[in-house]
Amino acid sequence: MPRVLILGFDGMDRELIDEFEDDLPNLKKIQSLSPKLRLTSTFPPDSETAWSSIYTGLNPAKHGVVHFIDPLEKSLMNQTKDADSELIRGNTFWDKASEGGKQVCIVLPHIGYPVWPVNGIMIGRSSVEDDVQTWSENILNDQDLNKLNTIKGFPGIGGIPHDEFIQKHKDLLDSTLKIGLSCYEKQEWDIFFIYSSILDVVPHFFWKYHDVEDPDYIKDNPFSSVLRDLYILHDKFIAQFLNRIDTETVLMVVSDHGHGRRPTKNININEILRQQGFLVEAEKRASSGIFEAFKCQAIEIISNHNLENIASKLLQRLPSVKKLCISSPSIDWKLTLAYVTDLSGIKSYPYGGISINRDIIKDDSIYEQTRENIIDLLSPEVTKSSGSSDPAILWVKKREEIYDGPFIEKYPDIVFELNEEYGIGNKIRCDVLERNALHAVVPGSHKRYNAVLLISNLNSPVVRTNVSLEDIAPTILSIIGLDYSDKIFDGNSIIAK
Numbered sequence: 001m002p003r004v005l006i007l008g009f010d011g012m013d014r015e016l017i018d019e020f021e022d023d024l025p026n027l028k029k030i031q032s033l034s035p036k037l038r039l040t041s042t043f044p045p046d047s048e049t050a051w052s053s054i055y056t057g058l059n060p061a062k063h064g065v066v067h068f069i070d071p072l073e074k075s076l077m078n079q080t081k082d083a084d085s086e087l088i089r090g091n092t093f094w095d096k097a098s099e100g101g102k103q104v105c106i107v108l109p110h111i112g113y114p115v116w117p118v119n120g121i122m123i124g125r126s127s128v129e130d131d132v133q134t135w136s137e138n139i140l141n142d143q144d145l146n147k148l149n150t151i152k153g154f155p156g157i158g159g160i161p162h163d164e165f166i167q168k169h170k171d172l173l174d175s176t177l178k179i180g181l182s183c184y185e186k187q188e189w190d191i192f193f194i195y196s197s198i199l200d201v202v203p204h205f206f207w208k209y210h211d212v213e214d215p216d217y218i219k220d221n222p223f224s225s226v227l228r229d230l231y232i233l234h235d236k237f238i239a240q241f242l243n244r245i246d247t248e249t250v251l252m253v254v255s256d257h258g259h260g261r262r263p264t265k266n267i268n269i270n271e272i273l274r275q276q277g278f279l280v281e282a283e284k285r286a287s288s289g290i291f292e293a294f295k296c297q298a299i300e301i302i303s304n305h306n307l308e309n310i311a312s313k314l315l316q317r318l319p320s321v322k323k324l325c326i327s328s329p330s331i332d333w334k335l336t337l338a339y340v341t342d343l344s345g346i347k348s349y350p351y352g353g354i355s356i357n358r359d360i361i362k363d364d365s366i367y368e369q370t371r372e373n374i375i376d377l378l379s380p381e382v383t384k385s386s387g388s389s390d391p392a393i394l395w396v397k398k399r400e401e402i403y404d405g406p407f408i409e410k411y412p413d414i415v416f417e418l419n420e421e422y423g424i425g426n427k428i429r430c431d432v433l434e435r436n437a438l439h440a441v442v443p444g445s446h447k448r449y450n451a452v453l454l455i456s457n458l459n460s461p462v463v464r465t466n467v468s469l470e471d472i473a474p475t476i477l478s479i480i481g482l483d484y485s486d487k488i489f490d491g492n493s494i495i496a497k
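Residue numbers are given in the numbering used here: position 448 of the sequence shown equals residue 448, and the series is strictly consecutive.
Check each hint, because a few of them may be wrong.
As the list claims (entries may be wrong) - 30 Å max Cα-Cα, derived BS3-like pairs, lysine-lysine:
{"id": "1", "residue 1": "Lys186", "residue 2": "Lys29"}
{"id": "2", "residue 1": "Lys178", "residue 2": "Lys219"}
{"id": "3", "residue 1": "Lys36", "residue 2": "Lys236"}
{"id": "4", "residue 1": "Lys265", "residue 2": "Lys28"}
{"id": "5", "residue 1": "Lys410", "residue 2": "Lys397"}
{"id": "6", "residue 1": "Lys236", "residue 2": "Lys219"}
{"id": "7", "residue 1": "Lys265", "residue 2": "Lys384"}
{"id": "8", "residue 1": "Lys29", "residue 2": "Lys178"}
{"id": "9", "residue 1": "Lys236", "residue 2": "Lys168"}
{"id": "10", "residue 1": "Lys497", "residue 2": "Lys29"}
{"id": "11", "residue 1": "Lys334", "residue 2": "Lys397"}
{"id": "12", "residue 1": "Lys152", "residue 2": "Lys168"}
{"id": "13", "residue 1": "Lys410", "residue 2": "Lys334"}
{"id": "14", "residue 1": "Lys28", "residue 2": "Lys497"}
{"id": "15", "residue 1": "Lys168", "residue 2": "Lys28"}
{"id": "16", "residue 1": "Lys397", "residue 2": "Lys487"}
{"id": "17", "residue 1": "Lys168", "residue 2": "Lys178"}
{"id": "18", "residue 1": "Lys28", "residue 2": "Lys236"}
{"id": "19", "residue 1": "Lys334", "residue 2": "Lys236"}
{"id": "20", "residue 1": "Lys497", "residue 2": "Lys265"}
{"id": "21", "residue 1": "Lys236", "residue 2": "Lys265"}
{"id": "22", "residue 1": "Lys398", "residue 2": "Lys362"}
{"id": "23", "residue 1": "Lys170", "residue 2": "Lys186"}
{"id": "24", "residue 1": "Lys487", "residue 2": "Lys36"}
{"id": "25", "residue 1": "Lys497", "residue 2": "Lys36"}
{"id": "26", "residue 1": "Lys384", "residue 2": "Lys397"}
{"id": "27", "residue 1": "Lys152", "residue 2": "Lys410"}
{"id": "28", "residue 1": "Lys384", "residue 2": "Lys427"}
{"id": "29", "residue 1": "Lys147", "residue 2": "Lys178"}
{"id": "30", "residue 1": "Lys410", "residue 2": "Lys487"}
{"id": "31", "residue 1": "Lys186", "residue 2": "Lys168"}
{"id": "32", "residue 1": "Lys334", "residue 2": "Lys29"}
{"id": "33", "residue 1": "Lys178", "residue 2": "Lys236"}
{"id": "34", "residue 1": "Lys168", "residue 2": "Lys147"}
{"id": "35", "residue 1": "Lys170", "residue 2": "Lys236"}
{"id": "36", "residue 1": "Lys398", "residue 2": "Lys334"}
{"id": "37", "residue 1": "Lys236", "residue 2": "Lys152"}
{"id": "38", "residue 1": "Lys219", "residue 2": "Lys170"}
{"id": "39", "residue 1": "Lys186", "residue 2": "Lys236"}
In case anyone wonders, no lab produced these hints; they're calculated from the structure.
Take the sequences, apply the hints, and build the full model.
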């Protein structure tokens with residue numbers, strides 16, 4: 001019976017593999033042996049949401065690991081609280097394999113902490129504390145697991161020096177490889193999974209040093225080769241496993257999303273909603289006007305002087321200021337019918353949504369009509385505001401049109417995605433189209449359509465080449481002979497029976 005070796009790389013990008021292919025002989029070899037697959041990430045393509053769909057075969061409205069909160073709030077939360085694995089525990093592909101009597105080894109899965117019982121080995125780590133756990137306890141006492149702890153902090157002023165930040169992540173990759181190989185060689189595993197976050201973490205901060213078309217790119221900067229160097233290291237990481245597998249082992253390389261340039265321009269959706277009468281401005285107060293002006297000036301200073309670390313520490317210590325930064329004090333919440341979700345806050349993304357104020361719109365028929373009215377106006381208004389002949393908005397839908405499940409209410413009432421050139425802003429009484437002032441601080445961003453899926457050593461053809469993250473779990477299980485006839489997944493195996 002075939003076995004599966006899965007190499008999971010957070011943020012590995014299909015276009016960057018193509019760009020660096022001459023330096024990536026092992027990825028190039030796997031590409032030549034793999035079916036030509038196109039993998040699309042979840043909406044939104046956040047790491048926690050996306051990996052949960054990879055693990056469970058469920059859409060986000062089914063597994064529930066999805067957050068439409070302000071990125072600043074999420075960033076600060078991630079520094080103080082681990083992602084809760086409770087929603088996926090017992091429902092992953094390795095849990096299904098364990099129940100089927102298969103031997104599994106799972107190394108550092110994203111949101112795999114605390115660990116839980118499996119039929120084999122599981123290693124999980126905290127993203128907040130220096131703590132690495134194993135199932136079963138003490139099974140790896142001969143290894144220095146402390147070297148697997150995540151790197152805490154960010155590069156820049158008030159944080160970790162850039163060179164040190166890069167080296168720490170290189171060392172982490174090396175430690176992950178050594179312990180991963182030690183586990184892999186213990187026995188023949190039916191499923192072996194190992195994860196690295198480095199191709200997501202580092203490009204968030206170093207994208208502008210790589211991308212010559214980025215408006216903040218500096219010519220002849222000392223970090224221009226950092227992304228290429230990291231891809232080369234991951235290619236060598238892959239080689240160590242590639243050299244150890246036999247013909248009975250299917251090798252899978254997978255990422256949760258791609259990585260590219262963060263939007264350089266914002267479209268202030270709240271201002272469109274205000275102009276169309278769905279959002280009402282609060283009565284002018286001197287204090288709110290002063291604070292909005294201060295916030296805009298502070299953003300410029302943080303961006304121009306790379307002060308995100310200092311700002312982050314201040315906001316952790318001053319929760320009242322953090323709340324003001326995230327909220328929009330200029331909106332009258334008692335009269336506003338619709339507003340852009342908090343996902344579109346201080347750091348902008350091209351994906352987001354609009355929430356309907358059900359405290360005001362209680363009647364279901366009026367609620368549905370309001371959604372339809374906003375959907376009808378949004379696309380032409382956004383495109384008009386962009387000043388481009390190309391559509392600025394890719395799609396806009398009711399939330400039930402993209403997913404179904406018990407957690408669908410975690411999504412805003414209306415969801416949409418812009419062209420990746422544009423981010424979603426939440427300001428009002430301003431130009432609809434603005435420069436993204438914080439692009440320089442975190443210049444890298446997740447790309448939904450650039451995720452990677454490569455599979456080699458398959459003995460059966462694939463039945464389709466367009467793949468969703470929800471298809472991966474049932475595909476893995478079908479390879480090792482565990483086919484589920486009942487519909488327990490949202491995805492389906494792509495392997496021909």
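Inset, instruction - Kindly indicate which numbered hints from before are broken by the structure, ordering the numbers from low to high. - result: Checked against the structure, the hints that fail are numbers 2, 4, 19, 20, 21 and 32, while the rest are satisfied.
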